[in-house]
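Novice: Line by line, the protein sequences give chains W and A.
Residue numbers for the first sequence follow the UniProt record's numbering, so the first one is 1 and each next one is one higher.
Residue numbers for the second sequence follow the UniProt record's numbering, so the first one is 1 and each next one is one higher.
Hints are not guaranteed to be accurate.
For lysine to any residue, the following SDA-like pairs were computed, each having C-alpha atoms within a straight-line distance of at most 25 Å [claimed, not checked]:
#, chain 1, residue 1, chain 2, residue 2
1, A, 182, A, 193
2, W, 590, A, 70
3, A, 68, A, 41
4, A, 68, A, 238
5, A, 58, A, 129
6, W, 237, W, 252
7, A, 42, W, 203
8, A, 68, W, 563
9, A, 214, A, 162
10, W, 516, A, 128
11, W, 516, A, 71
12, A, 201, W, 359
13, W, 153, W, 204
14, A, 201, W, 225
15, A, 68, W, 218
16, W, 211, A, 154
17, W, 289, W, 370
18, A, 68, W, 204
19, W, 211, A, 235
20, W, 153, W, 654
21, A, 197, A, 230
22, A, 214, A, 62
23, A, 201, W, 229
24, A, 197, W, 153
25, W, 211, A, 170
26, W, 289, W, 193
Simulated from the structure, these hints should not be mistaken for laboratory data.
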Amino acid sequence: MNTQKPTIGLTETQSQNVSRRTFIKGAAMSSALAGVGFAPSQLLASMPGEINNQPTVTRTNTLSGTEFQLDIGTSIVNFTGTPQIATTVNNMLPSPTLIWREGDEVTLHVTNHLDEMTSIHWHGIILPFEMDGVPGLTYDGIMPGETFTYKFKVQQHGTYWYHSHSGFQEQNGMYGSIVILPKEKDPYDYQYDHLIQLSDWTDEDPADVVKNLKRMPDYYNYKQRTVGDFFSEIQEKGFTAAFNERKMWNEMSMMDRDLSDVSGSTYTYLMNGANPATHWRGQFKPGAKVRLRFVNSSAMTFFDVHIPGLKMTVIASDGNLVQPVEIDQFRIGVAETYDVLVEPEDAQAYAIFAQAIDRSGYAIGSLTTDAEVLAEIPEMDPLPILSHTDMAMDMKDMDHSMHGGMHHSQHQGMNHDMPAVDHSQHQGMNHDMPAVDHSQHQGMNHDMPAVDHSQHQGMNHDMPAVDHSQHQGMNHDMPSMNHSQHQGMNHSMHNMSEVDANKEVADWPVEQAKIKWGPHTNMRAEDAQYRLSDPGVGLRNNGRKVLTYADLRNLYPTRHDAKPDREIILNLTGNMERYMWSIDGIPYSKADPIHLKYGERVRITFINNTMMNHPMHLHGLWSDLETGDLNYLPKKHTIVVQPGARISFRVNVDAKGVWAFHCHMLFHMAGMFRKVIVA
Amino acid sequence: MKVHTKTAQKLPGLVAFGLIISFFVFHQSAYAGMMDEPLVTKFTMDKLEISNAKNNPKKWELDFWVMKDIQRIVFKSEGETVDGETESENMLLYGHGIAPYWDVQLGLAYDTHEEESHNWGVIGLSGMAPYFFETDIHALVDSDGNLGLRANTELELLITQRLILVPELEAEAYSANIPEMKLGSGFSSLALGLRLKYEFKREFAPYIGVAWHKKYGNTADFSTEDEEASLVAGVSFWF
Ligand SMILES: [Cu+2]
Chain W
1 MNTQKPTIGL
11 TETQSQNVSR
21 RTFIKGAAMS
31 SALAGVGFAP
41 SQLLASMPGE
51 INNQPTVTRT
61 NTLSGTEFQL
71 DIGTSIVNFT
81 GTPQIATTVN
91 NMLPSPTLIW
101 REGDEVTLHV
111 TNHLDEMTSI
121 HWHGIILPFE
131 MDGVPGLTYD
141 GIMPGETFTY
151 KFKVQQHGTY
161 WYHSHSGFQE
171 QNGMYGSIVI
181 LPKEKDPYDY
191 QYDHLIQLSD
201 WTDEDPADVV
211 KNLKRMPDYY
221 NYKQRTVGDF
231 FSEIQEKGFT
241 AAFNERKMWN
251 EMSMMDRDLS
261 DVSGSTYTYL
271 MNGANPATHW
281 RGQFKPGAKV
291 RLRFVNSSAM
301 TFFDVHIPGL
311 KMTVIASDGN
321 LVQPVEIDQF
331 RIGVAETYDV
341 LVEPEDAQAY
351 AIFAQAIDRS
361 GYAIGSLTTD
371 AEVLAEIPEM
381 DPLPILSHTD
391 MAMDMKDMDH
401 SMHGGMHHSQ
411 HQGMNHDMPA
421 VDHSQHQGMN
431 HDMPAVDHSQ
441 HQGMNHDMPA
451 VDHSQHQGMN
461 HDMPAVDHSQ
471 HQGMNHDMPS
481 MNHSQHQGMN
491 HSMHNMSEVD
501 ANKEVADWPV
511 EQAKIKWGPH
521 TNMRAEDAQY
531 RLSDPGVGLR
541 NNGRKVLTYA
551 DLRNLYPTRH
561 DAKPDREIIL
571 NLTGNMERYM
581 WSIDGIPYSK
591 ADPIHLKYGE
601 RVRITFINNT
611 MMNHPMHLHG
621 LWSDLETGDL
631 NYLPKKHTIV
641 VQPGARISFR
651 VNVDAKGVWA
661 FHCHMLFHMA
671 GMFRKVIVA
Chain A
1 MKVHTKTAQK
11 LPGLVAFGLI
21 ISFFVFHQSA
31 YAGMMDEPLV
41 TKFTMDKLEI
51 SNAKNNPKKW
61 ELDFWVMKDI
71 QRIVFKSEGE
81 TVDGETESEN
91 MLLYGHGIAP
101 YWDVQLGLAY
111 DTHEEESHNW
121 GVIGLSGMAP
131 YFFETDIHAL
141 VDSDGNLGLR
151 ANTELELLIT
161 QRLILVPELE
171 AEAYSANIPE
181 MKLGSGFSSL
191 ALGLRLKYEF
201 KREFAPYIGV
211 AWHKKYGNTA
221 DFSTEDEEAS
231 LVAGVSFWF
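Isolated chain W (complex conformation) (with noise of 0.2 Å):
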């Protein structure tokens, strides 16, 4: 056994060691220096009557063992000056944090003293489907009083969650997170390691918040376009630019400021459980390893994530070890988790600063030498403004007449937020050989926009002819590779050994629903493109190296699984103006399951056709993630399908059972679903 293993969260002082010995039935250890957002003291005065018989919560608690008793409750939080009521397991928020290991049988029991129904799903990890915990799909739920017992083994290791499958009682504060200590020690040695569990709280009643989005879709967000904004662009662009530049939005009536459904305007953003003025503190010392395992246990929110002055090595994905990426920032979807490495030098704070999508607030908190020595505050990045690049619409009109020189305004004002890929793209080979130029931007330049960024820092200067070939050949010969190819040429020409796996040829049966059109749906993707390299809206271009999809590759090869038997595709639907969402134009309500032979590997492809990130979760089945590479597959359990993109990932059919499939924005969930059927 190795002598110092890092305690999950714990400050050096107060570390143990997680040893077999100390690894005893439900032992509870004390916390990190994590505030919970509010003082006991505070909530002394003046509460309402229905809040006082109710317990105050308590710091979140770490257990491990083999054996847990978990109690479903409420108890009273204040995070925003407001004593509220939040729906709680073992009193605490987030949830207590549990400590399995991988190989052992873990047994829960899980009592609701709610007077509601209520349920823990496990997110993303591996195990019968009796025991994944969504209620009316894998068990009836827990109905108050109950208390339900889960029994499962443990197979996997890492960084996973926790939380309620039933009503909005996650919004509420019901997620804990589970770290998975592996059999075989992690290639990586640090001495610090601290969870980061980032969620997103309302004083409001989250059946409120769903009822006002219905009644006014943009009732959180208070970064919408002004008039002030058009006439600057006019000022800057010309007015006819400035105007063409709109129509498309006018006349779709969308807007190109819809980051988020819900905002700042009702959330406070947190961090551990603690709001930005409780701050939350994680200890280290300098010149040591640090492990930060982030967990984004939002209802709602998308969060990008830095910490100014430090590298970040992302180390795993969902839980999955990947290869070491070293970046400076990264965006969290809903549901997804990353492990990284960090190595503060300096006796400094560090800020680990976490911005929601649309900049309408943060969570925040400080890596440490000294707990009363906070971070300051950075400030925030501009808010992002989605393109036409997220929209996924038919560009290739545009194109044209962006050739003749017509409209250069135009293609200006389109390739603003674009990556600028596109745009040296246009110079460097517009001018050089215009009649081949056509075809590499439908091949191409829509395609993976980021790619191109890469290809063309890489590859385009030094050697273009063997750039355009490629591409060419690539694009004609095996369409449906198209993305995984470039990815593999991408990121590692030294590959080329294994490149057999990516000459897989696309010839599986492929499946697809029309999509009903309607009400239902305000969007079309007309073209949508993979876009694996694209750090997505906000982030492209922002002078910081972010974490894409394509640079997430297993640690492990993947290059022996089996090809594909079959592709189905699903189309991702939905009408913001009505705050309706569906999965080919059909919600949950009146669709049919979708149905997996037990034993074959399945391709599965979204196209969003929304402008919203959609964080997929496909429960009880690893989802291996097409990032470019196919010897290397990353195991993911949600996939983040940007706005106006396609993407594509393979699953090993291998669990029977009935199986929730689902977008994890709570709000998009109801309709934005599908039960799987294995076997």
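Take the given structure of chain W and dock chain A with the ligand to it, following the hints.
Specialist: Just chain A with the ligand now, kept in the frame of chain W:
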């Protein structure tokens, strides 16, 4: 102030009728947690204002809807009270989503003018036209086969996130004279408004503005004052 008895009796009755119908139609599936199609209600007082025109007319414009998925029941009412004389247009409609931004509507309209009232059957379109124009178009037909057309469109221009300028246009036309309602055949009236509101909350915004309306053709002949411009002040709110 004299309240007109006939109107006063009929109007609340119609409102109550609308409410009752709405709840009966939809009450089957009350809103619960993760329901796919929650039942949502919304009452909007779009305008409740006083004008500086002669005798300070008071105006209201409201709607109430009960909505589930793409179906909704809508009650609309607008009107004006001057010197105790009230005229109003009221509609009870069933709306069904036919396109992403459009509902087709079917129902009844009930107009009042001083002592008189008039019933119509209504078919219409309600929704958002490109460039974010909130638009209603209603075609009316009465038991005598007279036709009417009422259209309304407005736009919200954000000066800031809370200070909002709302230009509005309203037009009406009829196929025949209906003297007791003071409606004349042909293009009958045009109203323009420009209101500047401040949303203290999404649900509550006081406003000031200018309103102009003009009556045309036979309708103008029925009226003593065929053109009027005024300043208005009021509140809009919803819940
Ligand atoms: Cu979604």
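Novice: Hint compliance check: list the failing hint numbers for this structure, sorted ascending.
Specialist: 5, 8, 9, 13, 24, 25
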